[in-house]
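Number of protein chains: 2
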Amino acid sequence: MKIEKSGNIRKSPVETEGAKDVAIRWLISKEDGAENFAMRMFEVQPGGHTPLHTHPQEHEVFVLEGQGTFVYEGEEHPFESEFVIFVPGNKEHQFKNTGDGLLRMLCIIPLRVE
Amino acid sequence: MKIEKSGNIRKSPVETEGAKDVAIRWLISKEDGAENFAMRMFEVQPGGHTPLHTHPQEHEVFVLEGQGTFVYEGEEHPFESEFVIFVPGNKEHQFKNTGDGLLRMLCIIPLRVE
Chain A
309 MKIEKSGNIR
319 KSPVETEGAK
329 DVAIRWLISK
339 EDGAENFAMR
349 MFEVQPGGHT
359 PLHTHPQEHE
369 VFVLEGQGTF
379 VYEGEEHPFE
389 SEFVIFVPGN
399 KEHQFKNTGD
409 GLLRMLCIIP
419 LRVE
Chain B
309 MKIEKSGNIR
319 KSPVETEGAK
329 DVAIRWLISK
339 EDGAENFAMR
349 MFEVQPGGHT
359 PLHTHPQEHE
369 VFVLEGQGTF
379 VYEGEEHPFE
389 SEFVIFVPGN
399 KEHQFKNTGD
409 GLLRMLCIIP
419 LRVE
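Protein chains in written order, with the working numbering: chain A, 309 to 422; chain B, 309 to 422.
Read the hints as simulated data drawn from the structure, not as lab findings. Hints are supplied without guarantee of correctness; some may be wrong.
Remember, identical chains collapse to one label, so a pair may be satisfied in a single copy or spanning two.
[As the list claims (entries may be wrong)] In silico lysine-lysine, PhoX-like type, Cα no more than 20 Å apart, as pairs:
no., residue 1, residue 2
1, 310, 338
2, 319, 399
3, 328, 313
4, 404, 338
5, 338, 399
6, 313, 404
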């Protein structure tokens, strides 16, 4: 069991190529005993973005704060807080902060690779 | 792909025995193409609670709004918005709204049963 204020969980810069001004907190991960999926929080500064990339794992995203654009297979979709986004595996995607403030999102990924 | 404001997604009462004043929105589920895990939002009215129960599936929870008590294996743990809670499978648990306003939480569950 784990119960913790998310802001107390360690934040690290995302250094993946193509990421700009993004930090991550691994809220629930294998270290906590999670075997099937992990919950991460991303914090994107104004003007920042995640990499434009493709990978086999799906994403389940919930937007906590801010405004942005979701780039999916070459099309742009605006979003704001309280939006939910499902990104299937193997589809090109990117999240951009287009607002004046912080963009915060939860992003859940599978941990079992088949 | 799915992108949608969560408040636009259908809300249904939770009628499980032991639940009181709880509603659920299935934000991302099998119907959206999710195969590994599902994201639900729970809305608990003041004085309401989820059932005190045990099941094999784990929960990954993020508290969006409100205050409450997490009952886990007979112990009570207070929480508020921005808390993250990992509930391993087969452990007795319950969420109670102890505040004056709405309690809103995301709860992610696995979809593959082994």
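Open item on the list: Need the list of violated hint numbers for this structure, in ascending order.
Closed with: 2, 3, 4
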